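Colleague: Below are the chains, spelled out letter by letter.
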Amino acid sequence: MAESFRLPGRGRLAQARTARFTFDGKSYGGVAGDTLASALLANGVHLVGRSFKYHRPRGILSAGAEEPNALVGIHRDASRKTPNVRATVQELYDGLTAVSQNRWPSLGFDVGAVNDLASPFFSAGFYYKTFMWPKAAWKSLYEPFIRSAAGLGVAPDQSDPDHYAARFAHCEVLVLGGGAAGLAAALAAAESGLRVIICDEQAELGGSLRFESGAAIDGQNGWDWAQAAAARLAAMDNVRVLTRTTAFGYYLQNFVALAERVSDHLSSPGGLPRERLWQVRAKRVVLATGSIERHMVFPDNDRPGVMLASAARTYLNHYGVAVGKNVGVYTANDSAYAGAIDLKKAGVNVAAIVDLRDNPSGPMVDEARALGIEIHGGRGVVRVGGRLRVSSITVKPRTGGDGERTIAVDALLVSAGWTPSVHLFSQSRGKVTFNDEVKRFLPGTYAQDCISVGACNGTDGLAATIDEAYAAGAKAAREAGGKTGKAAKPKVEASESWSRGMLGAGPGAEAGTTVKAFVDFQNDVTAKDIRQAVREGMQSIEHVKRFTTNGMATDQGKTSNMHGLAIAAEELGKAVPEVGLTTFRAPYTPVTFGTIVGHARGKLFDPTRRTAMHGWAERHGAVFEDVGQWKRAWYFPQRGEDMHAAVNRECVTVRKSAGLFDASTLGKIEVVGPDAAAFMELMYTNPWQKLEAGRCRYGVMLREDGFIYDDGVVGRLAEDRFHVTTTTGGAARVMNHMEDYLQTEFPHLKVWLTSISEQWAVIAVQGPKSRDIIAPLVEGIDLSDEAMPHMSVREGRICGVPTRLFRMSFSGERGFEVNVPADYGEAVWEALWAQGRKHDACAYGTETMHVLRAEKGYIIVGQDTDGTVTPNDAGLDWAVGKKKTDFVGIRGLKRPDLVAEGRRQLVGLRTRHPDVVLEEGAQIVADPKLPVPMKMIGHVTSSYWSENCGRSIALALVEGGRKRMGETLYVPMPDRTIEVEVTGMVFFDEKGERLNG
Amino acid sequence: MLLIRCPYCEEERPEIEFRHAGEAHVARPTDIASISDEEFETFFFIRANTRGTVYERWRHVHGCARFFNAVRDSMSDRFIMTYKAGDPKPKKLPGV
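From first to last, the protein sequence lines stand for chains A and B. To convert, note that position 770 of the first sequence is 769 in numbering that gives the first Met the number 0; the numbers rise steadily by one, no gaps. To convert, note that position 62 of the second sequence is 61 in numbering that gives the first Met the number 0; the numbers rise steadily by one, no gaps.
Hint data in this document are derived by calculation from the structure and do not stem from the laboratory. Careful, some of the hints might be misleading.
[Stated by the list, open to error] Straight-line distance between alpha carbons at most 30 Å, and here's what the computed BS3-like set of lysine-lysine pairs gives:
| hint | chain 1 | residue 1 | chain 2 | residue 2 |
| --- | --- | --- | --- | --- |
| 1 | A | K882 | A | K749 |
| 2 | A | K749 | B | K83 |
| 3 | A | K395 | A | K343 |
| 4 | A | K855 | A | K882 |
| 5 | A | K482 | A | K282 |
| 6 | B | K91 | A | K282 |
| 7 | A | K282 | B | K83 |
| 8 | A | K430 | B | K91 |
| 9 | A | K430 | A | K573 |
| 10 | A | K474 | A | K488 |
| 11 | A | K344 | A | K395 |
| 12 | A | K893 | A | K934 |
| 13 | A | K749 | B | K88 |
| 14 | A | K689 | A | K883 |
| 15 | A | K25 | A | K324 |
[Said to hold, decoys possible] Listed next, the stretches of chain B that the computed footprint assigns to chain A, with coverage defined by at least 3 CB atoms under 8 Å from CB atoms of chain A:
| hint | region |
| --- | --- |
| 16 | 0-7 |
| 17 | 34-41 |
| 18 | 62-69 |
| 19 | 72-85 |
If you're wondering where the values come from, they're calculated on a predicted model, not measured in any experiment. A virtual CB, placed ideally from N, CA and C, is assigned to each residue, including glycine.
Whenever a hint applies, use it, and build me the whole structure from the sequences.
Modeller: So, in structure tokens, the structure goes:
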């Protein structure tokens, strides 16, 4: 199909460079440099989508990022399907595939459009009012219905195969927006030689010079000047020019986030990232974000073919596309006249200009009249003909009365005036003020080191804009420490200028009418909806917004907010600033999750920590579990074993001969210095001063509130040196906790703390044969019970490398923990494994470690405690130094609630039937016959099958548990109630004889 | 993202190097074991949570690892000043 609306010789695209694309399966031709919107319009396609709520046919409203209507899906391949892409922003590439959204079975005939007929039932606040009763219908009926109707476009169902890049950047001057103002500011700032970054969301810099045919600067037309200026900037070493880059978030201390679309415009992106996130810190920011044209609010103003005047000019002057053959214009200011004039000069018939102003006058009006265009002053458009495309407008005097006239058109250019883009200024926490004379919100009080210039600052006219922007750019550079001149100042020779316009609804859509005159196209909010919200009691614009959803779509009300505000103010009988303005929030335009996430996904989402012996475990078939960032060997299944069988075998083997366990993930902190013991006294509940060098002690650490924070075995290597171990998960926070007290509460103590978790690999050798296994490899340490009793530590060598050898046990068996420098971890493990094989030892994982310790009633902080458990609750009163006058938590332990009777205490549970294994986390009740909800008196904290005991075992926190020994309690489950008996916490070797066995 | 001046490193560093550590100038009583329940409540649970100028502790955890104090405006998040742990609460704030 020929591009019948492309005007040969018009626009700036090389029309010979063609590109093919499809829309809803139909193939069209376009030109390199087109947007999808301009290419569709070149083919005479205006109908591109269906609206969100009423499924009304919609066309293309704008030529930029503010587009609320022309949202399409872009499909590159099965996994690259992007919904809700604005056709006005998507650049055309050869082979582009676009599909329309929110329609079934087709865009031209959409069953969902029945919503439009039923619209009296779907008015503002519909959801809040309709889905209230009956309560039971919510889950079965309302929620499924709302969910199926909600959302626009179809999300891709495969994971995103693209990659996204991220950059940090610093500069002295950051210019946001590359129109005339931004270019002038950047030219001025760049003269200083300081680092300047200028970004713009479009593919080329130039902003509104793209359509302003009347601008001339430095002897060139405006657009050509902009390209030359951009090239000059790009050639400077101190300037970075970023195109296709949207500043979407303005954060504290001039930290601005930019999203650069790197390859969405390319036919074959190759290895390029799809998008790149720039996080820029600037000394000074120049906001040159321009302004956005508003539409007119009149009945059925959403018909395809109704378009902003500046958009029609852009399509004509830049893309060489006429938006119709017989266009009408409806406006309340001068700028739409420029569109009519441009189109007329290009040979397009302009059927009429309808102007709400009574006696429009001025050079633009005169020029239009001189070109023979009919001007209907003091009149408004009260009706449009056509459904899938506007076919006529009906014009009526503004003040009512006779004189209604219908004029045939195939497109209608509208303009109600321009809204300064104060979004980023507002995001910077600056306060806007309403200028009543020009009816605009403008930057008022600044909160950061930034300055607004040009249209976003309410400055009208190109010459004034460039003066202001150039001065601001120079000032920003000077404030950032640079020197500037005036050499690069552009000279404006001709420009267009307009201002004013109107806010709110026009004739035919006044209060009392029931027509659909759209304020917010994307969320289908009409003038009537806003008036209704006010009538139903919404007083502030924040409430009106939420009740009607005005401005809450992904376009964030760029075209609609001011109209909505004005209509609400009128209905409330208040001035606009009294009704208030909603808050602008990041992102300015939608940003993909990919851009925000960048490289931090998959394997790079979070670091993975592996121990020195990880490779050995992998080679020996370990199944791993994640413990924080660590990968820990969970169990080592042998031929055909499931987890249960493997764990049972490992548990029995350790108690029969021995087992090797990788305990390297334990947190390890070296506490060193003349006051090390004094510091340990303060950090742990236990006494440390009298602990001899070479001995170990189990330490309990509390928070100031008296609850258990961490635990671990501590070895005293020397008078002034402690080797402290922490739980795996607690390593970092225990270090932080210790540093906090040392630096801020006890800075007088001469102590140094060093994290040594990564420096020492730890191999636990547990079981009756443990000494036999390590003995042949150890040098310089007497391993006899007399020389090295349980809970002692020695330094020496193993396999020729240094070791800190602990005699300790987390299994209840005779045991050692062999600490060696991490680099030797795997080699020493291999040597110990070779010895172990001689004694039928096994390698065991964390699951067996857990079962063995539970058999002995050893607790795990964070599993058997939950941050509300005291040492007494856990049966650890013996670990609290009774004679101590201070330690962290000493006062907290005396709080009335912590010494009260009836606290939950840690006890053992035996199920009545030994084969039944309780579920961890299950609740415990005293009387299962009570009505639901029953009084729960505790919960199961640890529960396992114990092959060594031949039955299930469990630990639980139970109210007054230690006084309930022998009592029968109940664990109600969904399918049955389990009977349990309260017992002590030790299930195996109660006397503890095996520690020396 | 904020820039925070570490008073030990004597330079501004990005927020991600730091960790907030609660209100500043809440000293642990030296005779903590013998204080009353009310005194413990004041020390451990009660915080000013001021709207406006707040005195708080930060740690340069991914830098020099030192704890220090900062004065910040909780409305604007602007850092007014930072100073070393143990230094007295400043009587006069710059620019206030």
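Colleague: So which of those numbered hints doesn't the model satisfy?
Modeller: Those not satisfied: there are none.
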